[in-house]
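Colleague: Listed here are the chains, written in short residue letters.
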Amino acid sequence: MRQLARSFTAFLKTGIGVMLQYRGEIVLWSVWGLVNPLVLYAVFKAGAQSNPDQQIAGLSIGEVAAYFFTIMIIGHLSAAWDTHEMGWYVRTGRMSPLLLRPIMPIWKSLADNLSYKVCTLVFVGPMWIFFALLIRPTFDTAAWQVALGLVATLLAIVLSYTFNYAVALIAFWATKLDAVGEIYFGLVMFLGGRFAPLPAMPGKIRWIAEALPFQYMAYFPTWIFMGKVHTRSEVFLGLAAQLAWIAVSILVLRLMWAAAVKRYTAVSG
Amino acid sequence: MRLFAKVSILNFAAYRFDMIVRMLVSIMHLAADLIGVWTIFSNTKALAGWKWQHLCVVVGVFRIVAGGIRMSIVPNMRRVLEDIMDGTLDFVLLKPVNAQYLVSIREFVVWRIVDVLLGAIIAAYGCIQLNGYMPLGAVALFVFMLLAGFIIVYCLWLMLATLCFWFVRIQNIEMVFWNVFEAARFPIVVYPNWVQWTFTFLIPLAFIITFPAAAFTGGMNMIRPFHIAMAWIMAVAMFILSGWFWRIGLRRYSGASA
Amino acid sequence: MPQIEIENLSKTFKVPEREAGLAAALRSVFRRKYKEVAAVDRVNFAVEQAEIVGFLGPNGAGKTTTLKMLSGLLHPTAGVARVMGHTPWKREAAYLRRISMLMGQRSQMQWDLPAIDSFFVHAAVYGIPKDDYKTTLDELVELLDIGGILKKQVRTLSLGERMKCEICVSLLHRPAVLFLDEPTIGVDITMQARIRKFIGEYNRKHGATIILTSHYMADVTALCKRIIVIDHGHILFDGQLGELSGRLAPFKVIKIDLDRELDGYDFASIGEVLLKEARKVEVRVPRDRAPAVAEKLLSDLPVQDLTIEDPPIENVIAMAFGGKAGAPPSAAEPAAEAARA
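Chains as they are written, first to last, in the working numbering: chain A, 334 to 602; chain B, 350 to 607; chain C, -1 to 339.
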């Protein structure tokens, strides 16, 4: 365990070092996460304004702002992109030197993920504040909801990473199919509440979303922060669901990893 | 001619799986756009007066433009960036053809036409849903406005690529474009006035998607002659501006390596 | 007790088969045909501790595939291997900590950071105690002479400098067994010599067992007393370097460029004619006759340029062991490439 901590710390140190080298690029990467929620806010606001009660999907314009503002932040913190990169690592054989190491490659990927988030905070933090002043979100939240919201956010980050990595492992088999990242991204968008609050999604899609973990990666904490999860028991149920999905993700991840290595060492090494 | 056809079929067979996957991904993107429209209009009747049929056209036009960009502009701009970084732009400059023209037409990615076709189908669908048929006048006007829009897109890209004469390491310059272009996915009328102003005069996204889409659905009802004039004046102005900027960059490049 | 033992080790790849022509290409859209290629075929050998073994063979012979199996990156289709008591493809952490593999084409370092940062990460990942790390690092830096480049970004290093850093990284954890896959490929001659010198010294000092692959004869003659020659997945020779030189057909190739076109000179009588064009001729002659033949050619003919060369290793192996002269490289390693794709 201490060995793992030492390795992970080393990965973090160098990960941040690399991110600082690429400071221009990482700013660019984080821009989409800022622009997209703003565009959607404008769209849903216009939609609300066309409705007689100036509401859309039961949310006032201020609440629409609150939704996209919050999910902008939580979305950034729970971002995971191994689904986009794993294919490249496998296809180009870059996985080989990583497999020679007596440590699973996931730890380095996780460290890179966290390094990105730590380094971009300097840029996105002020942007978030600026946007809050711009679109004026309205919140109706109790203190306990904020507290539990923070717990949910933490779990969301863990879930988002582990589930994403598990799905990314598909790349070990589908070496020619480079669409895993795109498809996953689409699923997160629509089933994870990034395009619209889940209550606004058409019935059939809503129904599919209920059964999947994407809702717990950003939507669930956002909904708590907006004060829309009204009873403590509802919140705890959601937290339990997050934990359950994390457990499932980790289990699937371990099984798939063993199979993935077997596949890699059979085919190319 | 036959030889080229044969070679390209051989290539197709070799990369057939890639092709199929790419087409599926294109369809997937279109489906995602449409799910978006479906979601929005499950909750409201209009966006600042634009109805779902209008949004179908917007989605279609976005696909057409994005497909066109990826078909002809992106491959050329990527190559220019490589040339600048490797110093191989010299070969282009030695040719007796205008450099800007040459770097703009060298590359062409044919399969991206799928995006353009899919976009056209959806746009046509939206138009027919609204009007009951496709008025030829609207189509003509649409193409006219789309052309102006595409010229503006090209000019924006050229200016971005020209920046590389100074900041040689901007490999992700593409991302700058797509990030900002996100805002053009929806008609600019949904944005507050100051943003609309920005997208009309500062970064002319309005003419790329919104205006052509309006032309297609509403024809001369939505687009006034004044709009047409504005679009084309902007196109010409951008063309002159970007060409001038490119020449400055070129001078710097030649000066630097000489 | 040998440190490395291999018995009947085999690795077969399935390679998509593709014929030329339009009809075949169209057919392949609907139905793929596969061919089985044996990259390594029932290989047996054993290596004692502190031996340096040269693993020689042309491209696609199966060298890299064998090394990958020994380092755990590939598992075999058949056969057994035990290295220091472990089965490599089980990839036990305890095993991985005691070996090292250097792949010429793949980097173990972070490209955007100085080399010293990659060393630091390596020490953390392999659990090297701080004091040991410092001692080892100092020693390696001195032996490899990389003190000046430690703080330079890996991306900016020349190939030779990078190779030295790769070697350093792979030795930081003092592996007992070292697999070097084409360590000098693409590196200039002076650097090649330096790297060879270093490997020899390291082996003498620390008793590390080394298996070194190359298709440069020079790598192997400098370092290895024992040579294993492999081709098309089979071991053709396993023994002392001295024997190999003896068994090798001791030939030299004389190449001449003529001033003008020539007709009627009987080259066949002085040696085996490999190439005869209007102004270029290549003949193969027994090694000890080469100077005499060269002298004769120079006096008989209007020679503009004359060189005496060793035949390329592919031909040497083919000749010595009865294959066709100038046999083309086997399909095995390109197959591996395709399988990876």
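Watch out, some of these pointers could steer you wrong.
To be verified - With a Cα cut of at most 27 Å, we get these calculated DSSO-like pairs of lysine-lysine: (1) A:Lys346 x C:Lys31; (2) A:Lys509 x C:Lys149; (3) A:Lys509 x C:Lys33; (4) A:Lys537 x B:Lys444; (5) C:Lys294 x A:Lys595; (6) C:Lys132 x C:Lys149.
The hints are simulated quantities; they were obtained by calculation from the structure and are not laboratory data.
Treat the numbers as computed from the prediction; the structure is a model and nothing was measured.
Colleague: All the hints need checking, so say for each whether the structure fits it.
Modeller: Okay, the hints, checked on the actual structure:
A distance of roughly 49 Å separates the Cα atoms of Lys346 of chain A and Lys31 of chain C; the hinted pair therefore is violated under the 27 Å criterion. Under the criterion of a C-alpha separation no larger than 27 Å, the hint pairing Lys509 of chain A with Lys149 of chain C is inconsistent with the structure, at around 38 Å. Restraint check: the Cα-Cα separation between Lys509 of chain A and Lys33 of chain C comes to about 20 Å, which is no more than 27 Å; the hinted pair holds. With a C-alpha separation of about 59 Å, the suggested pair Lys537 of chain A and Lys444 of chain B falls outside the 27 Å cut-off, and the hint is violated.
At roughly 62 Å between alpha-carbon atoms, Lys294 of chain C and Lys595 of chain A are farther apart than 27 Å, so this suggested pair is violated. With a CA separation close to 16 Å, the supplied pair Lys132 of chain C and Lys149 of chain C stays within the 27 Å bound.
The structure is inconsistent with the numbered hints 1, 2, 4, 5, although it conforms to all the rest.
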